[in-house]
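Peer 1: Chain residues, written in single-letter form:
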Amino acid sequence: MYQDDRTTLQVKDYTTLNLGPTHPATHGIFQNVLKMDGEIIVESEQTIGYIHRAFEKLAERRPFNQITPITDRLNYCSSPINNIGWHMTVEKLAGISIPKRVEYMRVIIMELARIADHIVCNTVIGVDTGAMTGFLYVFQWREKIYEIYEEICGARLTTNIGRIGGFERDFPQTAWQKLDDFIRDFPAALQEFEKLLVRNRIFMDRTINCGPISAERALAYSFTGPNLRAAGVDYDVRAMNPYCSYQDFDFIIPIGKHGDTYDRFMVRNQEMWESLNIIKQALQKMPAGNEYHADVPEFYLPEKADVYSKMEALIYHFKIVMGETQIPVGEVYHAVEGGNGELGYYLISDGGRTPYRLHFRRPCFIYYQAYPEMIKGTYLSDAILTMSSMNVIAGELDA
Amino acid sequence: MELFDLLIKLALVVAVFTIALVIAMYSTYAERKVAAFLQDRLGPNRAGPYGILQPLADGGKMFMKEEIIPSKADTFLFILGPCIAMMTACMTGVVIPWGNTLIIDGKAYIMQVTDINVGILFAFAVVSIGVYGIMIGGWASNNKYSLLGAIRASSQMISYELAMGFSIIALIMTTGSLSLRDIVEQQSGFHWNFLYQPLGCLLFIICAFAETNRAPFDLPECETELVGGYHTEYSSMKLGFYLFAEYINMFISAAIISALFFGGYNFPFLDKIDAPHNVITLIGTAIFFAKIIFFIFFFMWVRWTLPRFRYDQLMHLGWYVLLPISILNVLVTGAVTLFRNGQFHF
Chain A
0 MYQDDRTTLQ VKDYTTLNLG PTHPATHGIF QNVLKMDGEI IVESEQTIGY
50 IHRAFEKLAE RRPFNQITPI TDRLNYCSSP INNIGWHMTV EKLAGISIPK
100 RVEYMRVIIM ELARIADHIV CNTVIGVDTG AMTGFLYVFQ WREKIYEIYE
150 EICGARLTTN IGRIGGFERD FPQTAWQKLD DFIRDFPAAL QEFEKLLVRN
200 RIFMDRTINC GPISAERALA YSFTGPNLRA AGVDYDVRAM NPYCSYQDFD
250 FIIPIGKHGD TYDRFMVRNQ EMWESLNIIK QALQKMPAGN EYHADVPEFY
300 LPEKADVYSK MEALIYHFKI VMGETQIPVG EVYHAVEGGN GELGYYLISD
350 GGRTPYRLHF RRPCFIYYQA YPEMIKGTYL SDAILTMSSM NVIAGELDA
Chain B
0 MELFDLLIKL ALVVAVFTIA LVIAMYSTYA ERKVAAFLQD RLGPNRAGPY
50 GILQPLADGG KMFMKEEIIP SKADTFLFIL GPCIAMMTAC MTGVVIPWGN
100 TLIIDGKAYI MQVTDINVGI LFAFAVVSIG VYGIMIGGWA SNNKYSLLGA
150 IRASSQMISY ELAMGFSIIA LIMTTGSLSL RDIVEQQSGF HWNFLYQPLG
200 CLLFIICAFA ETNRAPFDLP ECETELVGGY HTEYSSMKLG FYLFAEYINM
250 FISAAIISAL FFGGYNFPFL DKIDAPHNVI TLIGTAIFFA KIIFFIFFFM
300 WVRWTLPRFR YDQLMHLGWY VLLPISILNV LVTGAVTLFR NGQFHF
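As they're listed, the protein sequences go chains A and B.
The numbers in the first sequence follow numbering that gives the first Met the number 0, run straight up by one, and end at 398.
The numbers in the second sequence follow numbering that gives the first Met the number 0, run straight up by one, and end at 345.
Don't read these hints as lab results, they were simulated from the structure.
Predicted model only: the values in this text are computed from it and were never measured.
A hint or two may mislead.
Said to hold, decoys possible - Here are the simulated lysine-lysine pairs, DSS-like style, with alpha carbons at most 27 Å apart: (1) A:K11 x B:K60; (2) A:K91 x A:K318; (3) B:K143 x A:K375; (4) A:K34 x B:K71; (5) A:K279 x A:K143.
The task is simple: from the sequences and hints, build the whole structure.
Peer 2: As C-alpha cells, this is what we get:
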C-alpha cells in the first residue's frame, strides 16, 4: 500500500545510495540499494544476477569432463578446489577408487588453493580498512602459488586442473621445487602480515564488532566454512566428512567467538597456517612411485601420445571426447571444504552423456542472503568491510 | 634601491612557488617509490632513468584528458572548487622562513617572502579556507559519494583544527611570539621546541595528518567506500589540482612542523662552522629542506603502514581524546610558565 511519509509522524528523510553494481569496493558485480541516514545504513536490499551464466543449465548439455572448466568460474580465487571437487563427485558416482598418491597430490593442490583464497580475502580486508601494503606485499605469494599451478596444469586463474580419475600428468620436478620454496618462505611473509595488522589498534577498532553474526543466526542461514567457524561452530567438511584422505592428516579447526570481521580474519589467518601444516604432512607421507591417475580408461582421458599410437587409447579418447562414457544411473551429493565454505555438487545422472541435473551448493550465495541483516544499523565503512570479510565472490554467488 | 628590494622579493616569491610545485610534483613520484619500497616492488621506472620523468608524464596526461563536467553539476562552483584548493595550498608558503639572512652588498635580505607578525595565524587562516575547496567541489558535483566525502572532509578538518589550535596556543605561550621567524630564531642550536612541547608536538603532527587528509585520516577520499570521495566526478587537470593541492599541503605541513617544533633551519653546532655568513645560511636552508623531506617521507611511511579510521572513531578521537589533551597541555604549559617566572607559588 502506498504510504505518504508526510501524513505520518515520520519526518526523517533518508537518502538512497546505490552501492554497486560497479562500485570499486564491492570486488565484483553486486548491487546494494542502501537506505542511509547520514552514514548509517537503515535498510539495504541486494540485487543479484549481474554475472549469472546459467552454469547449472549449461552443465545439463555438457559431457562430464567438459564441466570442469565451468567450475573454474565459480569461486575463481580457489578454482582447483572446485575442479577437484567436481572430479570427486563424478568418481563417487562412477565408484572409482583413487590411489593414495593421487589423493595426497590433490590435498596439496587444494590446500594451496585455500591459502591463495585466504590471502585474497584477508589482504583485501586490509585494503578496505586502508592498509594497502599488506595486500600488495602478501599478494606476491599468491603469485608463487599460481606459478605452482602453472607448472602442473599450465593455467593460473581458471586452472581446469586434473581430470576425472587423477591428474593429466605427474607433477614436474620444478613444481616440487617451487612447492618446497613456497613452504620454506611463505611463513615469514605471513608472519610479517600478521605483525602489520593483527594487533594494530586501528585495525582492531575497525574490525572488532564489525558485521557480527551469532552462531544461531549463522546456522539458521546455513553458513559454513570460515564464516561459520568465526561465529564459534567447529564445522569443517574436511573433518566432519573426510574426503580425499583428509583423515590421514592432523590439523586444527580454528574457531572464533563473535562472528565479527576480526574473528573471520583471524580464522582465515589460522587456517593458512593449518593448510601449510597439511601440505607438509602430505609431502612427508607421500607414497613412493609415479602414479598420477587411477586405472579407469573409460573415464580418464588418455595421453595424446597414446591416442596416436595405441588402439584402446584411441577408442577411449574418442568415446570420452564425444561424451559416450558409461556413467551409472544415480544421484550423489559430494561436498568439499571450499575456500569459502561447503562447496557441494548435487548430481543426478540418468546414464546419458550429460548430467540430468547438476546443482552447485555455493556458500557465497548463502552468505549474501545474510548480508542485509548483518549491516543493518552499521556505518557505510562497516558494510564494505563485512562484505569483503565474508569473501563473497561474484562468480560463486551468481554461478 | 627600492626596485632592487622588490626584485629580490619577486625572485623569492617565484623561487618559493616553483620549489613548492616541484617538490609537490616529485612527492607524487616519491610516494609511489616509497610505497614500492615498502611493498617490495619496483614502482614507476619506465619514464626516464629510474622513472624520474613520471611526474611530467602524469601532468601531461592530466592536461590531455577529456574534461567532463556532469550535466547536473553547478558549473561555476565545480570549477571554483579545485581553484580554491590549489590557491590556498600555494598561499601558505609565503610566511615560512626558508633560511637565515643573506647579506648582499652589506645589506641583509631575509629568506622569507614576508615576515608578518601573525605568521602562524595567517598560515592557519589560509589552511582553513582550503576546506572550502573540498566542500564546494563535493557539493557542486551533485553526486552522493562526493557529498559524503565532502561532509567527512569538512567535519574532520573543523574538528581537528581545534586540537591543532590548542597545541599551537601552548607553543605560543612558551615562545611569546606569533611570528614564525621569531619562533625559528629562538630555537637556535638545539633548543628545538619539541623538547619543550613534546605533547604539543605530537598533537600537532597528528592534526597535521588530519588536516592534509592523509592516511590514517584519509576518509574524505577513501576509495574503498566512496569511490573517489569529493573528487569522484572530477577529471583532467581539475582532478590534478585536487591531488596536487594535497601534496603541496603535505609539503607545507612538513615545513611548518619542522619550523615550529624541529628548529627550522637551525642545527646544533652550525654556528661553530668557520665559514662566511651566506654559506652558513645556505647550509641552514639545506638542513631545513632535509627536515622537510624527512617529514614528507614520514607522512608516506605512515600512509603505507596504517589502516584508516572509521568516521565515528575519527570524530571520537578528535573531540574526546585530542581536544581534552590539548587543553590540558595549555593549562600545564601556563602553570609551568607562571611557576618559572616566579608569579606562582605552591
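Peer 1: Given the hinted pair K34 of chain A and K71 of chain B, is their Cα-Cα distance within 27 Å?
Peer 2: Holds, because 22 Å separates the two Cα atoms, which is no more than 27 Å.
Peer 1: Please work out if K91 of chain A and K318 of chain A have their alpha carbons no farther apart than 27 Å.
Peer 2: Holds. K91 of chain A to K318 of chain A sits at ~20 Å (cutoff 27 Å).
Peer 1: CA of K279 of chain A to CA of K143 of chain A, is that 27 Å or under?
Peer 2: Cα-Cα ~17 Å, so holds.
Peer 1: Verify the proposed pairing of K143 of chain B with K375 of chain A, using a straight-line Cα cut of 27 Å.
Peer 2: The given pair, whose Cα atoms are some 20 Å apart, holds under the 27 Å limit.
Peer 1: Can you confirm whether the C-alpha distance between K11 of chain A and K60 of chain B stays at or below 27 Å?
Peer 2: violated, 45 Å
Violated hints amount to a single one, hint 1; each of the other numbered hints is respected by the structure.
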